[in-house]
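Trainee: Top line first, the protein sequences correspond to chains A and B. Residue numbers for the first sequence follow our numbering, so the first one is 1 and each next one is one higher. Residue numbers for the second sequence follow our numbering, so the first one is 116 and each next one is one higher.
There could be a bad hint or two in this list.
No more than 27 Å apart at the CA atoms, straight line, and that leaves these computed lysine-lysine pairs for DSS-like [to be verified]:
#1 K38(A) / K130(B)
#2 K172(B) / K3(A)
#3 K38(A) / K132(B)
#4 K70(A) / K38(A)
#5 K70(A) / K3(A)
#6 K38(A) / K16(A)
#7 K132(B) / K172(B)
#8 K130(B) / K172(B)
#9 K3(A) / K38(A)
Honestly, the hints are just simulated from the structure, not real lab data. All values derive from a computational prediction rather than experimental measurement.
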Amino acid sequence: AQKVTQAQTEISVVEKEDVTLDCVYETRDTTYYLFWYKQPPSGELVFLIRRNSFDEQNEISGRYSWNFQKSTSSFNFTITASQVVDSAVYFCALITAGNNRKLIWGLGTSLAVNP
Amino acid sequence: GAGVSQSPSNKVTEKGKDVELRCDPISGHTALYWYRQSLGQGLEFLIYFQGNSAPDKSGLPSDRFSAERTGGSVSTLTIQRTQQEDSAVYLCASSLDNSDTQYFGPGTRLTVL
Numbered sequence: 001a002q003k004v005t006q007a008q009t010e011i012s013v014v015e016k017e018d019v020t021l022d023c024v025y026e027t028r029d030t031t032y033y034l035f036w037y038k039q040p041p042s043g044e045l046v047f048l049i050r051r052n053s054f055d056e057q058n059e060i061s062g063r064y065s066w067n068f069q070k071s072t073s074s075f076n077f078t079i080t081a082s083q084v085v086d087s088a089v090y091f092c093a094l095i096t097a098g099n100n101r102k103l104i105w106g107l108g109t110s111l112a113v114n115p
Numbered sequence: 116g117a118g119v120s121q122s123p124s125n126k127v128t129e130k131g132k133d134v135e136l137r138c139d140p141i142s143g144h145t146a147l148y149w150y151r152q153s154l155g156q157g158l159e160f161l162i163y164f165q166g167n168s169a170p171d172k173s174g175l176p177s178d179r180f181s182a183e184r185t186g187g188s189v190s191t192l193t194i195q196r197t198q199q200e201d202s203a204v205y206l207c208a209s210s211l212d213n214s215d216t217q218y219f220g221p222g223t224r225l226t227v228l
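Just chain A, with the same shape it has in the complex:
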């Protein structure tokens, strides 16, 4: 069975703080893809990153960085120097070769960045 766990339901930080959102996944497939999506208050899901199971290289994009560790089945997301515009719900998701490519979602982490 596939599963994604985002243990942090809500996080509140003050602007300019760094914040890490945790994601732990479960799958028996060796080929899979991990995603992060952002859902701002407007409601639209915005794609942030995709990582395949064969590429454990960490990625940095501006203030965003992702740490993929197969040994701990984790794909954590860090926002450096958070801003109010980062306030949103962030979802981690998984697709495996065995599930017809449907996204399996975590329950999301609601991030509030306060001025």
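Assemble chain B onto chain A, guided by the hints.
Mentor: Just chain B, lined up with the frame of chain A:
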């Protein structure tokens, strides 16, 4: 280019009525997906289309739900005899093929009174 579009953006209906929700995928995307987002339920998969066929309908919650896709493009999700528990945001996504990143539309918020 244009993203995924969905219509209507909001739909209020009375219990027992039928509703149709429409999704226009990104041009050239062969795979199309419907998800539902409810308070307390998170995001759940409903159905997946590859072209006009639906290899995976496993997420449709009951036989009141159906979906079709024509011309490898527009998809319609139909809910018959709506119930209050159908109230949710219905999200559509498309991808180039079934191994690519899914891009989402703005959703249709359905309220069943």
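Trainee: Please go over all the hints and tell whether each is borne out by the structure.
Mentor: Hints, one by one, checked against the model:
1. K38(A) / K130(B): 32 Å, violated
2. K172(B) / K3(A): Holds, at roughly 19 Å.
3. K38(A) / K132(B): Cα-Cα ~33 Å, so violated.
4. K70(A) / K38(A): Between K70(A) and K38(A) the Cα gap is close to 23 Å, so the pair holds against 27 Å.
5. K70(A) / K3(A): Holds. K70(A) to K3(A) sits at ~15 Å (cutoff 27 Å).
6. K38(A) / K16(A): 19 Å, holds
7. K132(B) / K172(B): 23 Å, holds
8. K130(B) / K172(B): Holds, at about 24 Å.
9. K3(A) / K38(A): Within the cut-off at roughly 19 Å; holds.
In summary, the numbered hints that this structure violates are 1, 3.
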